Amino acid sequence: MRRWILWLVSLSLLFGLTGCSDTAPLKEKLIIEGIGVDYAENRFEVTLQVYAPSTEGVSKKGYQTFSAVGETLYQALRLVDENTGKYSYYSDTKVVVFSLDALQKGLWNNVEYFVRSSEMGSNVALAATRGRAADLLTVEGEGNNIPARVLSNALHYGKSDVGPISGELMTVSAMLVNDWGEVSLPMLAVEKKEGKGYPYFDGVLCFHQDTPQYQMTEQEKWVYNWMHEYYDDRAFVLPYDNHLYALQIRDSKRKIKVYVDKDVPVFTVSLTLTCDIMETNSAHGVVLTDLEDLKTKMEETVSNLTRSTLQQVAVTQQCDVFDLGRTLRKQHHDFVRRAGDLSTALKNSRFECITEVIIARAGQGSVDE
Amino acid sequence: MTSNQRIGAGQFFLMIFLSRVVLTLTYSINSGGHTISNADWFAALFMPLILLIMGVPAFVFLHHSPGGDLCDFAFTLGTGVGKAVSLLYGLLFLLLTFTPVARFSFFVTSTTQTEKGEWFFPLLIMAAVSFGAAKGVQAIARTGAVLAVIGIAAIAAIVLALIPRMDMLNIYNPLAGGIREVGSSVLLLIANSLELSMLYMLAPHIRGSVKKAYLGYCVTAPLMLFLVLFTVMAVLGPYATLQLFPFYSVAGIAKIGELTNLSALEASVWIVGVFAKCALYLYFSYRCLSKVVSLPHRWMWFVLLGSLSAIAAAMSSDNVKKAQLNFSVVGSLWINAIFLIVLPLILTVAGAIKRRKQNATMDSMVG
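Taken in order, these protein sequences are the chains called A and E. The opening residue of the first sequence carries number -12 in this note's numbering; numbering runs sequentially from there. The opening residue of the second sequence carries number 583 in this note's numbering; numbering runs sequentially from there.
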């Protein structure tokens, strides 16, 4: 008798505690892969890209799109569930894209729901776009990749070991709520080719507190990548000795030290770039004796670019997207406390940049003496 | 306790270790208004010494007690004293049973999107816990020992998986917020260190060196605390202050190969830890209260106490304000002070005085 009672109790616990009683079948769920947030006429418009395998006979593209409009982001998202009669499942969301118009309403207004949601992963990638976010969710993929995954790959530069450039939900929300630095979001855009849209990385949008403040230039993006130790396969073109050298930056390391000189923080940024020479635009190719001068020229260019970018972005635009404030807080906490907040502490900062360039390879081409 | 209820010193160590670690995993920003910061992992470095000092009254008591647990010793001072102490400690252990269940229920209903009400999980968990408690301390200790090893492996796996995500910029001088912040963290860690209560109830029935087992706990538990708290701060940084259960959130970011979102692993360790810990505390509650009141059958105690715990857990976690009480630092500090230090010391001194009087009486009779 006791054994039967035990079996009964165990079975009831098994079915109760394993969530069997609280499930929704897959067909009743909307598996959200990507979210686009737009804003127009005082309302948020959300576009949800939902995974829909073509075997279901619903979509040959492998995804479906649903939209809704609401006064707040949460209201719009809930309306999608109401309109479709299905339950939105956010745990698989890869990317959330915000239009500039939506971001003008305040970054916290856009991300708050995602921060509070227990389903949304802390490392979901956030991005911005100048146009409509909904358009980005229709970019072409290759093979079976749906747009949201294509966008996520674009943010990873196609490398699995490089994180999205600083646009993770946890980083963004932490910076917003705490005085630990400013937010930066990668910008994506769509390029149309033969009637199809392809995503590309369009720059970095820097925020001052809650508001979009500044978009980095093409050259400044380099410094952003170096300072975050990201690397991609873009060519860095360096004019030297009447030729154009195209270099591939393979690796970047940075160290930041800071000292306070009469209440002025002086940052010493040390960059070490490892690069390969891929093109020389000259008939004689790479000459060993030129390498030293090329290295010096590259170091000078990188140092000047880094100094000007830090000055423009972190000080003039007050967008500390380079972890300078956090470094200052770590190394000189008392100075930050006396200044009151990080923005004030960084106001008159000066920068010294030391660059070391290591030319690792010259491709397969010959290297002459 | 009969001889078949004796447990090994290693089992005892693993039980108290598991009990403490479970509490750390369930660290919440609701903890008495305390905000997680770099001072927390720094405070963990002081805990070995603090735990050693906290253990002194317990070992003084054990040295003077004739072989029974705290309640048995109280009965040697008089039936009234024995019943009063048994009642107080019985209620204490009941509190220590339902509080982790309430915390777990609060966690599940706020972070895992379940639609279940506040009664569901306390009822289910207490059903299992009551069954476990009824099996006795040996069964609980054996189970707890296995679960502790699994728990250690799981936490180690999560911490190792998070190493690539650690950013040392999130770690800054723990004294930056002042000594007060470190002091607040130390008090929080002390408030959550109620495992000494297990020592009072189990020590006379442990095979092997109790001192070595407790010493091992004083070293390893703070080390685990340090690892967990340091990992949370290094990975999440300021984001930790936005998370209700930071270690659960950080486990969600961990990945090992293709295995992502290890928060389920963390929640599993939590569940098994809660089961073992609460089963033991419920058993202690039965041991104490059965000395005050008698019921016709032993199993009735576990049904009664299990039901009371389930009701208390459900009622104390059904809204945010009440749930905060389960994390109260001040309340826990008072419990620590009164039940784990002051009362045992009073009983020890009273016992010593009584023995001296008895010896003096015997000497005068012989003389």
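To be clear, the hints were calculated from the coordinates, so they are not data collected in a lab. These figures come from a predicted structure and were not determined experimentally. Quick reminder that beta carbons are idealized off the backbone N, C-alpha and C, glycines included. Some clues are possibly wrong.
Dumping the calculated DSS-like pairs for lysine-lysine here, alpha-carbon to alpha-carbon at most 25 Å [what the hints assert, rightly or not]:
hint, chain 1, residue 1, chain 2, residue 2
1, A, Lys282, A, Lys244
2, A, Lys244, A, Lys317
3, A, Lys92, A, Lys16
4, E, Lys936, A, Lys14
5, A, Lys249, A, Lys334
6, A, Lys317, A, Lys240
7, E, Lys665, A, Lys16
8, E, Lys936, E, Lys665
9, E, Lys936, A, Lys73
Counterexamples of contact, computed for chain E against chain A with all Cβ distances above 10 Å [unchecked claim]:
hint, residue
10, Gly662
11, Thr693
12, Leu751
13, Ile753
14, Leu809
15, Leu824
16, Ile835
17, Arg880
18, Asp945
Open item on the list: Minimum C-beta separation from Leu809(E) to chain A exceeding 10 Å: can you confirm that?
Closed with: About 20 Å separates Leu809(E) from the closest Cβ of chain A, which puts it past 10 Å; holds.
Open item on the list: Against the 25 Å threshold, does the CA-CA distance of Lys936(E) and Lys665(E) hold or violate the hint?
Closed with: holds (18 Å)
Open item on the list: Lys936(E) and Lys73(A) were given as a pair; does the straight-line alpha-carbon distance stay at or below 25 Å?
Closed with: Not OK: Lys936(E) and Lys73(A) at ~73 Å, beyond 25 Å, violated.
TODO: Please work out if Lys244(A) and Lys317(A) have their alpha carbons no farther apart than 25 Å.
DONE: holds (10 Å)
Open item on the list: Using Cβ atoms and 10 Å as the threshold, tell me whether Leu751(E) really stays out of contact range of chain A.
Closed with: Violated, because the least Cβ-Cβ distance between Leu751(E) and chain A comes to about 5 Å, which does not exceed 10 Å.
Open item on the list: For a C-alpha distance cap of 25 Å, please report whether Lys665(E) and Lys16(A) respect it.
Closed with: violated (58 Å)
Task: Asp945(E) remote from chain A - nearest C-beta pair above 10 Å - done: Per Cβ check, Asp945(E) is outside 10 Å of chain A; nearest 56 Å; holds.
Task: Beyond 10 Å from every chain A Cβ - status for Ile753(E) - done: Answer for Ile753(E): violated, closest chain A Cβ roughly 8 Å.
Open item on the list: Please check whether the beta-carbon of Thr693(E) is more than 10 Å away from every beta-carbon in chain A.
Closed with: violated (4 Å)
Open item on the list: For a C-alpha distance cap of 25 Å, please report whether Lys936(E) and Lys14(A) respect it.
Closed with: violated (75 Å)
- [ ] Measure nothing beyond the straight line between the CA atoms of Lys249(A) and Lys334(A); if it is 25 Å or shorter, mark the hint as holding.
- [x] holds (13 Å)
Open item on the list: Does Lys244(A) sit within 25 Å of Lys282(A), going by the straight-line distance between their CA atoms?
Closed with: Distance of about 24 Å is within 25 Å: holds.
Checked against the numbered hints given earlier, this structure breaks hints 3, 4, 7, 9, 11, 12, 13, 15 and 16; the rest are met.
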